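Peer 1: Here the protein sequences come in this chain order: A and B.
Residues 1 to 85 in the numbering used here are what the first sequence spells out, letter by letter.
Residues 1001 to 1346 in the numbering used here are what the second sequence spells out, letter by letter.
Simulated from the structure, these hints should not be mistaken for laboratory data.
Keep in mind the model is a prediction, meaning the values are calculated, not measured.
All C-beta atoms, glycine included, are put in the ideal place defined by N, C-alpha and C.
Where hints are given, some of them may not hold.
[Stated by the list, open to error] Label-pair restraints from in silico Cβ distances:
no., chain 1, residue 1, chain 2, residue 2, range
1, A, Val43, B, Leu1288, 48 to 58 Å
2, B, His1150, A, Thr40, 20 to 30 Å
3, A, Glu28, B, Ala1208, 44 to 54 Å
4, A, Tyr42, B, Arg1292, 48 to 58 Å
5, A, Thr17, B, Leu1285, 42 to 52 Å
6, B, Pro1007, A, Asp19, 26 to 36 Å
7, A, Asp19, B, Gly1132, 52 to 62 Å
8, A, Gln33, B, Gln1203, 50 to 60 Å
9, B, Leu1288, A, Thr17, 24 to 34 Å
10, B, Gly1064, A, Gln33, 51 to 61 Å
[Said to hold, decoys possible] Under the rule of at most 30 Å between Cα atoms (straight-line distance), these lysine-lysine pairs were calculated in the DSBU-like manner:
no., chain 1, residue 1, chain 2, residue 2
11, B, Lys1180, A, Lys25
12, B, Lys1026, B, Lys1011
13, A, Lys25, B, Lys1026
14, B, Lys1180, B, Lys1269
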Amino acid sequence: MGGLVRGGNINIVRQVTVDEGTLQKIAELLGIQGQVISGTIYVSGPPSPAGGTAPPSPPGGVAPPPPSGGTAPPSPASGRRRSRR
Amino acid sequence: MNGGHLPADIKRTSALRRVPPFEALKFRPVFAGEGDVCAFELPRGAFPITVEAPSGRAMTIAPGDNFLATPGYRESTRWVSGGIPAGGLAPGEQYWVLADCGIVGELRDDSPVETEYLSRVRYLGTACGERGETLNIRQFAITGASARDHDAPVYLVLGTSGHVGKTSAGVAVLRALRSKGHSTVIALKATGTASFEEIARYQDFGAAHAFDCIDFGLPTTYPSDREGISDTFFNALDFCLSLSAEAVVVECGGDLFGANVPEFLTCLKARRSDLKIVLAAADVLGALGAQRTLAEIGLAISLITGPCTDTPTLRERTQARCGIPAINLVRNADQGTQSFLARSPH
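The following block holds chain A by itself, in its conformation from the complex (with noise of 0.2 Å):
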């Protein structure tokens, strides 16, 4: 049966643990970017004044008032939007 003659083994790297410096050279030369993160961000009303409690900033509700000293913030219909790419 078979009939072949059959050498020893060779050795084979099957599995490598490379290193985060390297993944980050590896990164450069390919010019992999980080990934962008895009969407919007709903940030809630400014915080409360001393002693009182800030109002919610339900969707499509009004504004909170500016805190003292500020200015109104744009008043989107659906609370305050900030985009980010």
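For this one, chain A is given, so just place chain B on it according to the hints.
Peer 2: What follows is chain B alone, placed relative to chain A:
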């Protein structure tokens, strides 16, 4: 032989991993072609062999066992080569297990390196469905892209031969992508011999999906220059590029000349003009040859790795001769101290 029934628990090799489970299956002693679901017997006088199960585990076929595998071709640069004789595999005849994923055919070239799957087996017959149709892995393949191209960037890993670290390089690219916040990365082993263990490594390191030629209906992408291979490659590419992903890592098994890698590169160039290419090379001459070969078809290498970077002297020579950054994946970033590596016999 008049055929018969195959039990539901018959051992099956990983080339048939997309074939669904069955209660009982008939088989017929007819000539078998590439991808047919076939029953074989390891003769009682043979040594046990080890093949890859659909789960990826090393599974022993004991002498006297029947098991399911498929006829196919292989032109390995490191291991055995063989293929299907004209007319197909004949019932009752003996053939060879050519790859551990369960490719069976005539043996053409042997390797001096020990392989645990290489053995003669007897072809019994081809499995057939309820209506008597021959079962083939093509019937269970992915066909057609589900949506438009999502324009994900493609990172291509090529090698100067088998076992020069292409999968290790591909996994490193995957990890670099993940470390930069790419949460959905697709892996495709586009050419060569199927191996579930290899694509499972991509999944283990965070690939959202990993595919190889089995998923697109072929047990291997051999023989070289086969007709119609572009259709398979375009189907695989269009499917992978239609998935919602932030990047696609493509590994080409084999060297630059075999396994229809040139045809695949033509297909890939038709889909992406801004490829980032990582080359795994055995030595400096191989790296130079690959650089020149790729330049002839308008492709440039971005990074070289593999055994040609195994020592600082070799790495520096590779980098200087090719004019391309070269890094070693088994050493730390400063290219000084050796990182952990595990070696095991194939």
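Peer 1: Could you run down the list of hints and mark each one as holding or not?
Peer 2: Against the structure, the hints:
The hint said 48 to 58 Å for the Cβ distance between Val43 of chain A and Leu1288 of chain B, and at roughly 57 Å that hint holds. At about 22 Å, the beta-carbon gap between His1150 of chain B and Thr40 of chain A stays in the expected band of 20 to 30 Å. The supplied range of 44 to 54 Å is broken by Glu28 of chain A and Ala1208 of chain B, whose beta-carbon atoms lie about 24 Å from each other. Tyr42 of chain A and Arg1292 of chain B have their C-beta atoms about 56 Å apart, which keeps the hinted 48 to 58 Å range intact.
Restraint check, Thr17 of chain A to Leu1285 of chain B: a C-beta distance of roughly 29 Å breaks the suggested window 42 to 52 Å. A C-beta distance of roughly 49 Å is found between Pro1007 of chain B and Asp19 of chain A, which places it outside the suggested range of 26 to 36 Å. In this structure, Asp19 of chain A and Gly1132 of chain B meet the distance hint of 52 to 62 Å, their C-beta atoms being roughly 57 Å apart. Range check, Gln33 of chain A to Gln1203 of chain B: about 24 Å between beta-carbon atoms, so the 50 to 60 Å window is missed.
Checking the proposed 24 to 34 Å range against Leu1288 of chain B and Thr17 of chain A shows it holds: the Cβ atoms sit about 29 Å from each other. For Gly1064 of chain B paired with Gln33 of chain A, a C-beta distance near 57 Å keeps the hint of 51 to 61 Å intact. Between the alpha carbons of Lys1180 of chain B and Lys25 of chain A the distance comes to roughly 12 Å, so the proposed pair stays at or under 30 Å and holds. For a cut-off of 30 Å, the pair hint linking Lys1026 of chain B to Lys1011 of chain B stands: about 15 Å separates their Cα positions.
For the proposed pair Lys25 of chain A and Lys1026 of chain B, the alpha carbon gap of about 55 Å is over 30 Å, so the pair is violated. The straight-line distance between the Cα atoms of Lys1180 of chain B and Lys1269 of chain B is roughly 26 Å, inside the 30 Å bound, and the hint therefore holds.
Comparing the model with each numbered hint stated earlier shows that hints 3, 5, 6, 8, 13 do not hold.
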